[in-house]
Amino acid sequence: MVPSRNLALDGAIPSGPMARGSSLIDSGVYRDGHRVESPTDLVGTVRSLRAEDGRIAWMGLYRPAEEELNSLAAEFDLHELAVEDAVLAHQRPKLERYGSTLFVVLRAARYDDESEKVEFGELHLFIGHDFLLTVRHAESPSLAQVRKRMEGDPDLLRRGTEAILYAILDAVVDGYGPVLTGLENDIDEIETQVFTGDPTVSRRIYELSQEVVDFQRAVTPLTAILSGLTAGFQKYRVDEELQRYLRDVADHVTVAIERIENYRSQLRDILTVNATLVGQRQNEEMRSLTEASFAQSEEVKKISSWAAILFAPSLVGGIYGMNFQNMPELSWHYGYPLALLLMLALSVTLFVIFKRRGWL
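Quick note, the numbering used here runs 282 ahead of the 1-based positions in the sequence shown.
Treat the hints as calculated values from the structure; they're not laboratory data.
Incorrect hints may have been included.
What the hints assert, rightly or not - In silico lysine-lysine, BS3-like type, Cα no more than 27 Å apart, as pairs:
hint, residue 1, residue 2
1, Lys-583, Lys-637
2, Lys-637, Lys-584
3, Lys-376, Lys-430
4, Lys-399, Lys-376
Could you build the full structure based on these sequences and the hints that come with them?
If you want it as structure tokens, here you go:
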């Protein structure tokens, strides 16, 4: 029996967050690929782990308190920088090795069909030779299926905590598949919207492009993580079967990255096509406005021309209608016909001028 480093030596259960186990989702102690105990708190998990050589503990926490993680850090000799990252969350995917303990940050993704959005969940893993601790700050990803799968395959589980790590990596990467399919469907829908002239498509292109970028930030660092694990195969004498397992995960990551790059290229092309079509529609609208303005201008010219033609006789008639006694030509015998002739001459002259200028 290996004594615990941090539990009370007299066997009393310590008080505090570690005793309460309020953030513990599931905990299992395994030996030779089989679950031997299912403690309900972290203290019980640690005691069961230390009770016998050859056991491994798999603990899953959801939004643990800082004090709780600090208690586990003291028990399993976790590095303070890794614990700080796990408490603060919002970390980029990465792999760090602190002595004999691995610290891995992963970003799982899930496509929500109802909102047509990609949701991300952050997962922190502490991996030692006899323990694996997972810390989640979001509902996703759920590791229940991974645990069920591992417990159903004792041959794989007995290979130790690295086998669990690879199974989690595989589950996270497999979860990218539905996301890729959902994004592909969104891109197809956007292409249809672009050619139907939907005015909201520009905003959707921007939002989808941002989702693809965020997804790329979650997936691309896995290449470095997997390379780091691969580099330690010989040094840490990783099982040959686990090496094949990891290479398969790496292949899936490569395919995902290639598809994401293709999506980004498609969205760039769609954005260019949409900008071109918007420009064409704007040009057509401007041309229509210009034609309407020209037609209106022609109408104004005609109206103005006729107004000027009608104004000339009105001017002559208005002058001679003022009834002053000393106006010239009032008593002249030919005054009236001359006035009519003058009105007609002015109107004809204006008509000819406007006609030559194309106003009529």
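Status of each hint after checking the structure:
1. Lys-583 to Lys-637: Distance ~11 Å between Lys-583 and Lys-637 Cα, so the pair holds.
2. Lys-637 to Lys-584: At roughly 10 Å apart (the allowed maximum being 27 Å), Lys-584 and Lys-637 satisfy the hint.
3. Lys-376 to Lys-430: 26 Å, holds
4. Lys-399 to Lys-376: 24 Å, holds
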